[in-house]
Amino acid sequence: MNILNNNRRLFCFGAMALLLLAVGFFQSWNLMFQILNLCLISAVMSLGVNIQWGYVGLFNVGVMGFAALGGLSAVLISTKPVQEAWQAGGANILISLLIILIGAGLISLARHKLSRKAAHYCTFLLVVLIYFAARYFYISGTKAVEAVDPALTGFLGGLGLPIIFSWLVGGIVAGCAAWFIGRITLGLRSDYLAIATLGISEILILVIKNEDWLARGVKNVIGLSRPVAYERDLQASEWFVNLADTLGTDLVSLSSLWVKISYTLLFLGCLALLLVLAELALKSPWGRMMRAIRDNETAAHAMGKDIVARKLQVFVLGSMVVGIGGAMLTTLDGQFTPTSYQPLRFTFLIWVMVIVGGSGNNWGAILGGFLIWFVWIEAEPVGLWLMEFITSGMDEQSPLKQHLVRNAAYMRLLTMGLILLVVLKYFPKGLIPEGTR
Amino acid sequence: MLDLVNALTLLANFVLIPGITYGSQLGLGALGVTIVYGILRFSNFAHGDTMAFGTMVTILLTLWIQSLGITFYPLPTALLMVPFGVVITTILVLGIDKAVYAHFRQVNAPPVMFVIASVGVMFVLQGLIRLIIGPDDQSFADGARFILRAREFKEYFGLSEGLSIKVTQLMSLVVTFLLVISLFWFLHRTRTGKSLRAYSDNRDLAQLSGINPDRVVLYTWILATALATIAGVLYGLDKSFKPSVYFQLLLPIFAAAIVGGLGNPLGAFVGGFVVAFSEITITYAYKRFFAYLLPEELEPTTLLQLLGTEYKFAVSFLILVIVLLIRPSGIFAGKSA
Numbered sequence: 003m004n005i006l007n008n009n010r011r012l013f014c015f016g017a018m019a020l021l022l023l024a025v026g027f028f029q030s031w032n033l034m035f036q037i038l039n040l041c042l043i044s045a046v047m048s049l050g051v052n053i054q055w056g057y058v059g060l061f062n063v064g065v066m067g068f069a070a071l072g073g074l075s076a077v078l079i080s081t082k083p084v085q086e087a088w089q090a091g092g093a094n095i096l097i098s099l100l101i102i103l104i105g106a107g108l109i110s111l112a113r114h115k116l117s118r119k120a121a122h123y124c125t126f127l128l129v130v131l132i133y134f135a136a137r138y139f140y141i142s143g144t145k146a147v148e149a150v151d152p153a154l155t156g157f158l159g160g161l162g163l164p165i166i167f168s169w170l171v172g173g174i175v176a177g178c179a180a181w182f183i184g185r186i187t188l189g190l191r192s193d194y195l196a197i198a199t200l201g202i203s204e205i206l207i208l209v210i211k212n213e214d215w216l217a218r219g220v221k222n223v224i225g226l227s228r229p230v231a232y233e234r235d236l237q238a239s240e241w242f243v244n245l246a247d248t249l250g251t252d253l254v255s256l257s258s259l260w261v262k263i264s265y266t267l268l269f270l271g272c273l274a275l276l277l278v279l280a281e282l283a284l285k286s287p288w289g290r291m292m293r294a295i296r297d298n299e300t301a302a303h304a305m306g307k308d309i310v311a312r313k314l315q316v317f318v319l320g321s322m323v324v325g326i327g328g329a330m331l332t333t334l335d336g337q338f339t340p341t342s343y344q345p346l347r348f349t350f351l352i353w354v355m356v357i358v359g360g361s362g363n364n365w366g367a368i369l370g371g372f373l374i375w376f377v378w379i380e381a382e383p384v385g386l387w388l389m390e391f392i393t394s395g396m397d398e399q400s401p402l403k404q405h406l407v408r409n410a411a412y413m414r415l416l417t418m419g420l421i422l423l424v425v426l427k428y429f430p431k432g433l434i435p436e437g438t439r
Numbered sequence: 008m009l010d011l012v013n014a015l016t017l018l019a020n021f022v023l024i025p026g027i028t029y030g031s032q033l034g035l036g037a038l039g040v041t042i043v044y045g046i047l048r049f050s051n052f053a054h055g056d057t058m059a060f061g062t063m064v065t066i067l068l069t070l071w072i073q074s075l076g077i078t079f080y081p082l083p084t085a086l087l088m089v090p091f092g093v094v095i096t097t098i099l100v101l102g103i104d105k106a107v108y109a110h111f112r113q114v115n116a117p118p119v120m121f122v123i124a125s126v127g128v129m130f131v132l133q134g135l136i137r138l139i140i141g142p143d144d145q146s147f148a149d150g151a152r153f154i155l156r157a158r159e160f161k162e163y164f165g166l167s168e169g170l171s172i173k174v175t176q177l178m179s180l181v182v183t184f185l186l187v188i189s190l191f192w193f194l195h196r197t198r199t200g201k202s203l204r205a206y207s208d209n210r211d212l213a214q215l216s217g218i219n220p221d222r223v224v225l226y227t228w229i230l231a232t233a234l235a236t237i238a239g240v241l242y243g244l245d246k247s248f249k250p251s252v253y254f255q256l257l258l259p260i261f262a263a264a265i266v267g268g269l270g271n272p273l274g275a276f277v278g279g280f281v282v283a284f285s286e287i288t289i290t291y292a293y294k295r296f297f298a299y300l301l302p303e304e305l306e307p308t309t310l311l312q313l314l315g316t317e318y319k320f321a322v323s324f325l326i327l328v329i330v331l332l333i334r335p336s337g338i339f340a341g342k343s344a
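Chains as they are written, first to last, in our numbering: chain A, 3 to 439; chain B, 8 to 344.
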């Protein structure tokens, strides 16, 4: 079984490599590395979802929110602090955050110390107090910050650290959000986790879009610093010009290829590290316990396992990995655009990756990440072509044809939904099944 | 005294009437979710897009008969076409059940598989809707616009604040009221309705008593789809039809169903009003309300808004969190255990 599985894995990844090489040879190597980089990021995210779904069977419909938190961390870590904004309203915003933190501490203290009924009243009173106190400082602070040169900054800026740190921080921030959601819903029915994650992801995006002082909202943050060299610097350095001469290639395309390859190496390193950790965890007694919980919760509970705590642990870990993926994506883009966070692209696509690749198997999730991203990218031209083909018999001016061609982009929604449903029904184990251990 | 009446009129116009309208629309949506949950035992994430699909079909039919010159003055023409929209959408949903959910019922899959499948269905429906009608806003309300105009009300009572009631607002309330009454009559008084409730309470016992599970599933989908389509059309007539908004409605609808206790029809209906009124009272700016009540020197300078309207969906989430923390089974105990 294991040997068969290994061969299958080898075959699938070999085929995937051939597909990418075909892009390199027939389209361009630049395009191939561009696709490969996003494949790697998708693989990180689907690895995170697989940790939640494949290990214990948690259904997270809020992948988008956790990815956005990762992206937000990239902004908050890498951009330079805006001194005037900090002077204008930084103190007030910090005070309001402090009030919320202290208030949250008091609430949790009250809930531990008081009787259930008294705790409810106390919580209510505290929430009202905290709301008005925090709001007082918050409004004046944010107004002042957003007034500072709104065309260019209008936000507090970040810490000015190298962006690569944000990968770690993004993971931690996403993990904290996951802990909050998990604490509330994991003891309850599985549906509640799905609904709550859907809610929190929509709200996180709303907050990021509307709170301009945080990361400029829909005005976007562009020009984030890079962990790799800039094309301009490469083209100016002597050794690189010599390299281009020796290889006999165009300097500009070589420099952009160089940048993409450096990203690829970084992402590959990160993915490999996460994969090794995930595999080690899965093979450890902890991993066996997780699978036991997934396969028979009652039995695992009878064996004395704390199911809710274990689920919470896995939920946080998986969301952390998704957060890391989100930070990596923003690093690659070099900009943070809240409007680009669509549930289809960030939640649903990742789910299709996990299900198609093979839930419960980390290698499967990674293969799914590669394959589905590849299909996603190549599906757009194919979809348009297909629509043109279907409507080719119609009159050029016919409104139906124009309507269909204009809306062809939504074919992706349809096809991805169909792929998911077909795989769920006919190949529930995915491309690389979990296999027996 | 006049100030007080003005203040109350203001509140009635901007909080009470929109709250009742929105509450009845949400209540209908939540009823559909809760019926599917109570009988088929999963949260149907495709419900928002079923609403959107039903509304789309109704809009297309309405456009067609409008082009034939048929209208339903003073009521919106769309109301005539709702039954046809329900039938077409039900056929689609039953087809989806046969192609997707029936398989998972057969292999006795865990509830979470149904939820994932419903997310898949949701995206297929979204794709279909956008392919057919496109992602843009559609306004399809016609007929008379107002029952009571703000200006007439002002002149008649000599107040400085007006009260207006739109036809679509009264219609939402009346239709919801009639539907809920007939739904409860159906569930409690008819043989089929009783079999649905029996199946929801204890599946095995119901089957042993000779209730045909396929029939139960069929009726459940018909009920849920009819409720979804009608809720969708009422919402679309009152505001406007935009596919992405219907997807976002999923959160308040789930919040309403959970507040009332998932699987409990009465709870879902009440939950709709709880969510709607919380959303509106929390995001309403009370500045003018207090300007009437307080002496001039105390007049508020800020909007007195607890939360910006852009965060109205966050309110449903807050309610959800509070209910899950305090009473996870909802106000009326549902089947959440």
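Just so you know, the hints here were simulated from the structure itself, not pulled from any lab data. C-beta atoms are modelled at their ideal positions from N, C-alpha and C, and glycine is treated no differently. Please note that a few of the clues may not be correct.
[Stated by the list, open to error] Derived SDA-like pairs: lysine to any residue, alpha-carbon spacing no greater than 25 Å straight-line:
{"id": "1", "chain 1": "A", "residue 1": "K403", "chain 2": "B", "residue 2": "I140"}
{"id": "2", "chain 1": "B", "residue 1": "K201", "chain 2": "B", "residue 2": "I140"}
{"id": "3", "chain 1": "B", "residue 1": "K294", "chain 2": "A", "residue 2": "K403"}
[What the hints assert, rightly or not] A few chain A residues that don't get close to chain B, going by computed Cβ distances all over 12 Å:
{"id": "4", "residue": "I102"}
{"id": "5", "residue": "F182"}
{"id": "6", "residue": "I186"}
Tested hints:
At roughly 13 Å between alpha-carbon atoms, K403(A) and I140(B) fall within 25 Å of each other, so this suggested pair holds. Using a Cα cut-off of 25 Å, the hinted pair K201(B) and I140(B) is violated, with the two alpha carbons roughly 39 Å apart. Between K294(B) and K403(A) the alpha-carbon distance is near 51 Å, which puts this suggested pair outside the 25 Å criterion. With a closest Cβ-Cβ approach of about 15 Å to chain B, I102(A) is found to remain outside the 12 Å limit, as its non-interface label requires.
With a closest Cβ-Cβ approach of about 9 Å to chain B, F182(A) is found to fall inside the 12 Å limit, against its non-interface label. Remark: the non-interface label on I186(A) conflicts with the geometry, its nearest Cβ contact in chain B lying 5 Å away (cut-off 12 Å).
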